[in-house]
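From first to last, the protein sequence lines stand for chains F and V. Note that numbering that gives the first Met the number 0 numbers the first sequence so that position 24 is 23, with each residue one more than the last. Note that numbering that gives the first Met the number 0 numbers the second sequence so that position 242 is 241, with each residue one more than the last.
Don't take every hint at face value.
Sample of chain F residues facing chain V (criterion: CB under 10 Å; computed from the structure) [what the hints assert, rightly or not]: (1) A10; (2) G37; (3) W38; (4) M41; (5) P70.
Note that these hints are calculated values from the structure, not bench results. Ideal Cβ positions, reconstructed from N, Cα and C, are used throughout, including at glycine.
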Amino acid sequence: MNWMAWTLPTALFFCAIGLLLFTMTLIELKRPTTMARGWLPMATTRGDRIFISLLAAAGLHVAWLALFTSPPYVASVAAVITAIIVLRWG
Amino acid sequence: MQANQNRAWLGVLPVVLIVAFSGVIPLMTVVNFSVQDVLDVNTRFFVGFDWYREILRDQRLLDALGRQLLFSATVLAIEIPLGIAVARAMPREPKGRGWGAAALLVLLALPLLVPWNVVGTIWQVYARPDIGLLGHGINALGIHYNFSQVSSHAWITLILMDVWHWPSLIALLAFSGLTSIPNQHYQAAELDGASRWQVFRFVEMPRLRSVLIIGVLLRLMDSLMIYTEPFVLTGGGPGTSTTLLSQYLATMAVGQFDVGPAAAFSVLYFLLILLLCWLFYTAVVKRDLEQDFARQGERAAHE
């Protein structure tokens, strides 16, 4: 695995993503998703909302890194809050 | 029934494995590189988000991004309407079809078959002011034209080259959509006294929608990733006036072996393409899904 140049933070990051996908699959098997309409301008499934949350998290972190030089913890907190809002009411 | 459906998922397994090896694992590797300073194959240091910060403040990269977006918007704005117009102009009634339509289809497909570096070479020679037919011809008309020295000329040549290469794809897709429209629809439109615009808007466009979604997505992604043709035609010049994103990335990763920044740049590039495609997909495809969703709701309310 040396050629993949793993580091602990990136390993944890991908484990988290993998775990997220695994949990989503379990939830989907247990309670299949339906299209629902919240405050987002279109009807979404659970998977759509997860995808939007991840994309928003990436966007928030990139914006933070572009604007500030401090570590992006604020962006991480904002991303989690955004994800909760999107998943719960999106 | 349920068990059969579950077993059917095993059929997808080879695709999952191939995508994992050709896409996901390399992408993960790129992410790993993007947080490290790579001195050589065995010497690496973790640097966190430093490369991202550096990349996001790199003026040359932001300029390349601006040029990339301008290029993609321009070629899409020209190629999509042009492709549809070409497809509409082709004979498609069963009687008139004959060898004419077949010959046109082959002619249209030809530019798509030319390898990308050859397209660049063709235009590189064609547009040269000394020996190229186009370049020499324009100069003979008294108009000064030299794409290797004047930025605006390089841009026009680049756009022309892409417009030579790609509208065929849209035309072929649109043509396949148009041929699926039954003749009765046109007859009904004619009886109703529909104008040519109304026929296009209300008879043809709904049928073209799905093929055009594919066409626009393909062109959008391709134009955002374009590398070979501008590289061969202008080499990114004069100066950096036609250096698009992928060429800047290649210079960084291959030319300077700055693997860390190049990886960070790749991740951002990937996010940009993902975002644009998702926005497009949501704007176009989701609307259809939503209409289905609304219809289901109405049906449920009736029941």
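Evaluated hints:
1. A10: Holds: closest Cβ of chain V sits about 8 Å from A10(F), inside 10 Å.
2. G37: With a minimum Cβ separation of about 13 Å from chain V (threshold 10 Å), the hint on G37(F) is violated.
3. W38: Nearest chain V Cβ about 15 Å off; hint violated.
4. M41: 5 Å, holds
5. P70: Holds, about 7 Å.
Hints 2 and 3 from the earlier list are contradicted by this structure; the remaining hints agree with it.
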